[in-house]
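Trainee: Sequence:
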Amino acid sequence: MRPFELTAPATVADALGTSGTFLAGGTTLVDLMKLDVLTPRQVLDINGLPLRGIDTGDGLRIGALERMADIAAHPGVYPAISRALLLSASQQLRNMASIGGNLMQRTRCTYFRDVSTPCNRRDPGSGCPAITGANRMHAVLGTSEACVATHASDVAVALVALDASVRLAGPGGERVVALTDFYRTPGDTPQAEHDLRPGELITEVVVPRLDWAARSTYVKVRDRQSYEFALCSAAVAVDVRDGVVADARVAAGGVATVPWRLTAVEAALRGKPATEESFTAAAALAVEGAKPLADNAFKLSLLPRTIVRALLEVTEGSR
Numbered sequence: 116m117r118p119f120e121l122t123a124p125a126t127v128a129d130a131l132g133t134s135g136t137f138l139a140g141g142t143t144l145v146d147l148m149k150l151d152v153l154t155p156r157q158v159l160d161i162n163g164l165p166l167r168g169i170d171t172g173d174g175l176r177i178g179a180l181e182r183m184a185d186i187a188a189h190p191g192v193y194p195a196i197s198r199a200l201l202l203s204a205s206q207q208l209r210n211m212a213s214i215g216g217n218l219m220q221r222t223r224c225t226y227f228r229d230v231s232t233p234c235n236r237r238d239p240g241s242g243c244p245a246i247t248g249a250n251r252m253h254a255v256l257g258t259s260e261a262c263v264a265t266h267a268s269d270v271a272v273a274l275v276a277l278d279a280s281v282r283l284a285g286p287g288g289e290r291v292v293a294l295t296d297f298y299r300t301p302g303d304t305p306q307a308e309h310d311l312r313p314g315e316l317i318t319e320v321v322v323p324r325l326d327w328a329a330r331s332t333y334v335k336v337r338d339r340q341s342y343e344f345a346l347c348s349a350a351v352a353v354d355v356r357d358g359v360v361a362d363a364r365v366a367a368g369g370v371a372t373v374p375w376r377l378t379a380v381e382a383a384l385r386g387k388p389a390t391e392e393s394f395t396a397a398a399a400l401a402v403e404g405a406k407p408l409a410d411n412a413f414k415l416s417l418l419p420r421t422i423v424r425a426l427l428e429v430t431e432g433s434r
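Numbered per the numbering used here, the sequence shown spans residues 116 to 434.
Calculated from the structure, these hints are not laboratory results. Keep in mind it's a predicted model, so treat the numbers as computed, not measured. Please note that the accuracy of each hint is not assured.
Claimed, not checked - Below, in silico cross-link-like pairs of lysine to aspartate or glutamate (EDC-like), each with a Cα-Cα straight-line distance of 20 Å or less:
| id | residue 1 | residue 2 |
| --- | --- | --- |
| 1 | 406 | 238 |
| 2 | 149 | 238 |
| 3 | 149 | 260 |
To be verified - Listed next, with one range per pair, are the computed distances between beta-carbon atoms:
| id | residue 1 | residue 2 | range |
| --- | --- | --- | --- |
| 4 | 306 | 409 | 18 to 28 Å |
| 5 | 362 | 210 | 33 to 43 Å |
| 6 | 337 | 378 | 22 to 32 Å |
| 7 | 117 | 340 | 51 to 61 Å |
| 8 | 314 | 207 | 42 to 52 Å |
| 9 | 141 | 337 | 21 to 31 Å |
| 10 | 207 | 385 | 34 to 44 Å |
| 11 | 122 | 230 | 41 to 51 Å |
| 12 | 229 | 428 | 30 to 40 Å |
Glycine included, every Cβ here is placed at the ideal spot set by N, Cα and C.
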């Protein structure tokens, strides 16, 4: 690890507009600093800032420094969010990691994390060896010729499904950005992963009120049951009335370069009976536009099956 200066701003205003890197739980940042992937000269410990609290009065508001474990255990948190957090990491990491940091975590692509290899996210223009290399874990949706790395966050998938936004504070004031707009697909600029501007800080996660999101879940398929990233995941919320799907929210993880909202699947579910046959027909639309690689074509069948499994789980007893 290279030398760096560590400071602790006393207020949010003190933290904004700096050229330093923010440190919350450190469960991603410190790893990448050890690997020499990130080499910040100044690190700002923001754990003393007043960016905590969980408010369920009208929708859901979560301070950016709230720990994953505390959010998952809160009784007012929608099940899809809680389950995604519980499946995200070990208990020790969940006790340390913040929700804001989780949303900002970098990809787990092995080429990105190995500084001896090219990577367009780490070194723009150097190439993407994953396209022709080991790509079993990589994306089939939202990819480009410059990058095929998947987004790592589980809870971001649940939040995207539930129309969440992030509140950002910066030198120019505050703004609120929908999470679907916050993340950027790689295109020709894979190093630009999000819409966070220089000097800005995530201060809060906001989820609008959705009463029927009490019927929601998150299903994660992975190589082992503990401490592993998703091969494929699905966050769903379903409003079933008299055996018919009145509304639905669906998003996928482990298969795309960003948390992937599946609006076509949602539209195909609405007005249809809450049956496995209807779920299967709608879920087939999830892979429209997919571009599989040599080792990850299995995700084209795994993703629809994962969505159907989540839909069956969340509608059990209402069909």
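Trainee: Tell me the numbers of any earlier hints that the structure contravenes, in ascending order.
Mentor: 1, 3, 7, 8 and 11
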